[in-house]
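Chains A and B, in that order, give the protein sequences. Take 29 as the starting number for the first sequence in this note's numbering and just add one per residue. Take 4 as the starting number for the second sequence in this note's numbering and just add one per residue.
Certain hints may be false.
To be verified - Subject to a maximum C-alpha distance of 20 Å in a straight line, what follows is the list of computed SDA-like cross-link-like pairs (lysine to any residue):
#, chain 1, residue 1, chain 2, residue 2
1, B, K97, A, R345
2, A, K347, B, G63
3, A, K250, B, I11
4, B, K119, B, L53
5, A, K347, B, A102
6, A, K324, B, F14
7, A, K323, B, E142
8, B, K130, A, R278
9, A, K551, A, F534
10, B, K82, A, E266
11, A, K181, B, A102
12, A, K265, B, V96
13, B, K143, A, S288
14, A, K347, A, S315
15, B, K82, B, K119
16, B, K143, A, I178
17, B, K140, A, A574
18, B, K130, A, G348
19, A, K632, A, E579
20, B, K97, B, I11
21, A, K265, B, W5
22, A, K191, B, A102
23, A, K189, B, S61
24, A, K323, A, R278
25, B, K97, A, H268
26, A, K181, B, K97
27, A, K265, B, V128
28, A, K342, B, W5
29, A, K324, B, L120
30, A, K323, B, V128
No lab work stands behind these hints, which were simulated from the structure alone.
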Amino acid sequence: MPRGYAGKFLEIDLSKEQIKDITFNESVLQAYLGGRGLATKILWDRLGDSWAKVDPLGPNNMFLALTGPMTAIYPGARICCSGKSPLSNGTVGSTASTEFAAELKMAGYDGVIVTGKANRPVYILVTDEGGEIRSASHLWGKLGEDTIRILNKEVTEELTKRKPNIGLWREPGMIYIGPAGENKVRNAAVMTKICHAAGYGGYGAVMGSKNLKAIVAKGRSKLPEVDAPEAVKLLWKEVHRHLIAENGFRRMGTGYAGYSVGADTSSEPIRNWQEEWHDERRFGGPSFETRYWVKKLWSDFNCTTSCMKLSCIKTGRWKGDITDMPDYELQAYCGTNLGIFDAGDNIHISTVIDNLGHSGINGPNTMGFAAELYQRGILTKKDLGFELKWGDAAAFEKLAWLIAKREGIGDILAEGTFRAATKISKMKGVDVAPYAVHVKGIEIGAHGTRSDADYTHDISYAANVQGGDHTSVAVDGYSELSSAVFTDSAVICNFCFFWVPRALVFDFAKAVTGFPITMESWKKENGPRIVTLQRAFLLLGGPDIAWTPIEDDDNPPRFYEPLPSGPHKGKTTSRDQVKQKRQVYFETLGWDERGVPKKETLEKLGLNDLEPAMKELRK
Amino acid sequence: MWPEASRIRIFMPFPGLEVPHLCAQCDDYPCIKSCPVEALSKDQATSAVLVNREKCISCGKCVTACPGQIPFLHPKDNKATICDLCGGDPECVKVCTEASYNALALVQEKPTVDRKLFAKPPIEVAKDLAVNLFGEKGEKVI
């Protein structure tokens, strides 16, 4: 086994209640590393032949929670969740920062691969002794904070019983779902640490479809050995030196961006993206920091950056709410996009969303969509059971509950924005697709393209194999930001990566694994291989929808409306640019003019077994 | 890296409530008194507790004797593990300074009964911290 890896993966068939350890060839690990990359490989090998028939919410789908060789060794440990996405019918490498990733490796596992479906609610416990399936009947229906509280106590007590005299057991790490995941809300998140989420992809729903409430890990062993220990020590210090120097980001995280992305770059979703500019100074960072931040440098395992800030509301109508800053994405999606410009209301909605296990970006995207339909009189008080006015936090809280429990209109909205739009169009006889802000079923992150002043542009989402995912956008010419394919496969945090010279990170990867990893190889071969596999999955799609090349490789209609306000008023995304850059992107990756991978590309990347399926699509 | 073998362990009974857990050097050393094989002793220079790993029989009595249940048995060989202050030149302080966090500093302190106040189980510390950070809600999270 190469270095950086614990050495084995835990595979659990929940239908047959079978548990075994598995390994992968060194060549597979070298090509895909872990996380997002390895997930695409595992999914292709296991489900590739029948991809279009696999129901993402059926027992044949797989749920993968994978680390990477750099996880917990490089600053900022994350877990990468994947499987067939119930939103895009493709795959997403969806990551969240958590001690769970470190605990898993310390228990001797690089990842957990879950197949089948349990016949009752269960959770998986992973320890140095292996994996076990335990009843989660008492946890089903529980909110995030209760799930954490109960599992921490229960697992610690159980482990103490097993080894009573070794001293106190430190709490385990865990990923879990809330009621939204349990009820298979298509864009539900895999949650961890009360407010951290693997949000994109809908893997909370995949866990829910398997009756899997949580995976809990506790390891007492060392983190895996690295290939060049002295080099890693030096590199760690160097990386740390760069990260600790980011004073501004360390102090504010993204918690000041709820104002600035609107005011400065005009790219913040406001009232379901009807606008992208605001100048609401009361929604600025200091309003959050001064009144609500109770811990200003909050890190996850081995993180220098500490960009998280713990928020708590101690007084007034939302007393008792606990969440992070919220970060920019949730300031936007649980704030401005719902017409909310009050820090306390924003924290409240974020807390509700976290506790219910919605994805804080994708879930409230659907809620904003519903509110616009209410604004336009398409959805009415009769449909909803209450008025849904912009800025009314109590109403949005009600809606979040309805969706999580799939009650009333919530059952339709629980299908995610794209599928809900299709259903509502049918139900109301009005085409509501123009108000649905998603790409290939995945609701778009809180960075618009119309002002062209943010890091997201024309094809960022349109050509992205992960749809609306703002953490890993498509870039023409396969340039800088696509490095997310690498970070999601090495499974490290982007916020411990952006400010570090690339050469240093790749040297780090090499020193950990001993693989000849270079930035060039990831740009030219490893990255494109993973992205090409993900593209193939999207094109195969199914069972409810397969995306149409070009037509679906586009931005939502709203992104072509002119911005109605602010310094960039009148600007919009250029269709010509999209058309042109999309072709450049396809060409760079060796795909044909419809974005179907070419035969020679598959050969070059060692993906020959995709050829029969892709040949069909080229017709 | 081996967090479970570190003489300073960080507990987290609830997200946001991280509790560093390490020997507080009680003035009456209940752990030393509890050891049936005299494996534990006091470092006269630093007041830290020293473990003679060859003598230790992994009975766990020092864990229960400690008012904070601070000692633990090393995951590799089950020997009692307690912060020894690195002989007076603690590595934790050095690395914290080198890393520019500057959260830890070396101080000189005379022997005092007050030290024992810090020997608390992490869950008890977390309960207080929870209220400090979360107000009334803090009563409910642990």
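Quick rundown of the hints versus the structure:
1. B:K97 with A:R345: violated (46 Å)
2. A:K347 with B:G63: violated (43 Å)
3. A:K250 with B:I11: holds (15 Å)
4. B:K119 with B:L53: Distance ~17 Å between K119 (chain B) and L53 (chain B) Cα, so the pair holds.
5. A:K347 with B:A102: violated (37 Å)
6. A:K324 with B:F14: holds (19 Å)
7. A:K323 with B:E142: OK: K323 (chain A) and E142 (chain B) at ~18 Å, within 20 Å.
8. B:K130 with A:R278: violated (27 Å)
9. A:K551 with A:F534: holds (12 Å)
10. B:K82 with A:E266: violated (35 Å)
11. A:K181 with B:A102: Outside the cut-off at roughly 34 Å; violated.
12. A:K265 with B:V96: holds (16 Å)
13. B:K143 with A:S288: violated (36 Å)
14. A:K347 with A:S315: holds (17 Å)
15. B:K82 with B:K119: The given pair, whose Cα atoms are some 23 Å apart, is violated under the 20 Å limit.
16. B:K143 with A:I178: At roughly 12 Å apart (the allowed maximum being 20 Å), I178 (chain A) and K143 (chain B) satisfy the hint.
17. B:K140 with A:A574: Given that 20 Å is the threshold and the Cα spacing comes to 47 Å, the pair is violated.
18. B:K130 with A:G348: holds (15 Å)
19. A:K632 with A:E579: Measuring from Cα to Cα gives roughly 28 Å; hence the hint is violated.
20. B:K97 with B:I11: Measuring from Cα to Cα gives roughly 14 Å; hence the hint holds.
21. A:K265 with B:W5: holds (18 Å)
22. A:K191 with B:A102: violated (36 Å)
23. A:K189 with B:S61: The hint holds at about 17 Å.
24. A:K323 with A:R278: holds (12 Å)
25. B:K97 with A:H268: Roughly 15 Å between the alpha carbons, so the hint for K97 (chain B) and H268 (chain A) holds.
26. A:K181 with B:K97: violated (35 Å)
27. A:K265 with B:V128: Violated, at about 32 Å.
28. A:K342 with B:W5: Judged against 20 Å, a Cα distance of about 37 Å means the pair is violated.
29. A:K324 with B:L120: violated (27 Å)
30. A:K323 with B:V128: holds (16 Å)
The structure shown violates the earlier hints numbered 1, 2, 5, 8, 10, 11, 13, 15, 17, 19, 22, 26, 27, 28, 29.
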